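S.K.: The hints should help you fit chain B onto chain A, whose structure is shown.
Protein chains: 2
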Amino acid sequence: MSAAGRGRLAVVGLGPGDEAWRTPEATDRLAEATDLVGYGPYLRQVGPIAEHQTSHSFPNRKEAARAAFALDLAAAGRDVVIVSSGDPGIFAMASAVVEELHKESGSDRWAGVSITIVPGVTAATAAAARIGAPLGHDLCLISLSDVLKPWPVIEQRITAAATADFVIALYNPLSRHRPWQLQRALDLIGEQRSPETPVVEAHNVGRAEESVRSLTLGEVSTSTVDMRTLLIVGSSTTQQFTDADGRSWVYTPRHYPGGSAEGG
Amino acid sequence: MSAAGRGRLAVVGLGPGDEAWRTPEATDRLAEATDLVGYGPYLRQVGPIAEHQTSHSFPNRKEAARAAFALDLAAAGRDVVIVSSGDPGIFAMASAVVEELHKESGSDRWAGVSITIVPGVTAATAAAARIGAPLGHDLCLISLSDVLKPWPVIEQRITAAATADFVIALYNPLSRHRPWQLQRALDLIGEQRSPETPVVEAHNVGRAEESVRSLTLGEVSTSTVDMRTLLIVGSSTTQQFTDADGRSWVYTPRHYPGGSAEGG
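Chains as they are written, first to last, in the working numbering: chain A, 1 to 264; chain B, 1 to 264.
Same shape as in the complex, but just chain A:
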C-alpha cells in the first residue's frame, strides 16, 4: 500500500509532572498534533489543548485498544500523539504500541505510518535527583504490579536483585487491588539487607504536592504508599546523611568495596 495520505504517531513521554522536565521534542510533537490519545490523568498533565486538537481519553489498562486506536487514526492521516507520564518505554505505552505493530506486521493496516518514540525523564531518576544520587551504582527497576505478570516472577526478581546488591527502584508499588505485595517485597529485600538500609519514598515528583523523604528499610510503612509513590531501596553501600544546612541526602557511591578509590 502506498504511504500517501498516511499520518504519523508519536508515543511521547511527558516526564514527571513538572514541565521544566519535558523535552523540546515532546513539546513540539504535542503542539503539532491533531489528536492526543491517553489515560485521563496524563492528558490533564499535558495542559490545555489548542482549538484544532482533539483529545481522546482512555481508561487505565486496555493499552492494546488504545494503541490500535491511535495507529488507526494515524493511518487515516492524522498527526497523533499517545501521551505517557515519565518515559514511554518504562512500564508505559511504547511496548503496547510496538506489540500491536507486531500483530499486524504481515498486513498493510498501518503501513506507511511514521512512528516515533519520544523518550522522557523517568520517575526514578527524577525522584533520585530530589534527594541526591541513590541510583549512583548498578540498579534494577521493578514494577510490583502483578496484573500482567505472575507474582512468583516478581518475587524471584526481587530476591535476585537484593542478593546481588543492586539498588532497587520499585514502580507501581501498591494499589487498592494490590494491597499486600509491597510488604512482601520489602520482607524479601529485608532478608538480604540491613533494616538500616536507606530508602527513598517519593510522592508526586515534579507536582505541586511533591514530597520526597529518606527513611530506612526498617521504617518503611505501606500505609504511606500509593500508586503515585516511587520507592528506591538502597544497596549495602548506600549512604544517608544530613548536611551542615540540615538538608537530608541519600547517595550510592560509584566505588564499591574492593575497587579502587577513584576513576571512571
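It is worth saying that the hints were derived from the structure and are not from the lab. Keep in mind that this is a model prediction, so the values were computed, not measured.
One side only, chain B facing chain A, incomplete, derived with CB under 10 Å:
id : residue
1  : G13
2  : T23
3  : G112
4  : V113
5  : D138
6  : L139
7  : C140
8  : S145
9  : K149
Here a beta-carbon is modelled for each residue, glycine too, at the ideal position from N, C-alpha and C.
M.R.: Leaving out everything else, chain B in the frame of chain A:
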C-alpha cells in the same frame, strides 16, 4: 556560617546528544551559569558559551576533585553548573558531588550553597526509543567498568540479572583498558539465555553519527563496541520483527507468561 555571598551549584544532565532531548530546566541553568565544569566532551556537547561564562574542563576520572572544585566555586559566590551526559544520577557526577558533601557535612566549607540535581534522559531509554520498547518490562542497568568496583561483583550481578530474566542494559561496555570484560559478560548471560535473544546495539544515540540496530545475543561481537556504545540484552520474552515498511523493531511485552493478557 551565614549563607550571605554563597552561590549555587546545579549538577545537570544534558540527556543524550540531541538538544531536542535536553530539558528546559537544564537549558535554563546552563544559560544562567557563570561557570561550567565538566569532562571536555560534555562541555563541547553544551555548545558555545556566553561571554560572561567560564568553562573549566577536567579529564575523565578524578570526579571527586571536579566535584570539590565546583562546590568551592559555588561557595565563593559563583553560579556553577557541572555537566553530565544523560542523567547525572546514572553512572555520572551526582554521586561524586553528594559524596563530597558527605565528607564535609561536619564543616561549614559548603554551608549555604544551594545545590540542585537536574535529571535528564538517560542513554538506555533514548536508545530504546530509537528501536521500539526493549525496556518494556523489569530491567537492570549495569556498568561494566571495573575501575571502581571489583569484577566479581559485576559477574555476580550479571548472573543474577540473567537468571531472574531481567532485560539488561550495559553501560560503559568496553574501553581500551577493559578489552575482555564485555565478552565475559555476554558469555555469562548466554549461560541463561538463548543465542536468539534480541540485543540492541546503540552507538552515539542522539548524535549525527548515531546508529542503532538489532541483532541477536549469538551475533554480538565486541569488535563493533566502544565506550560510546550502549547494549540492551533482551529477556526471554523480548521480541524482534520487521514491519510492513521494512523497519526493524525490538520490544519486551509488559505481560509475562502466566500473567493475564491485558491490564495495567
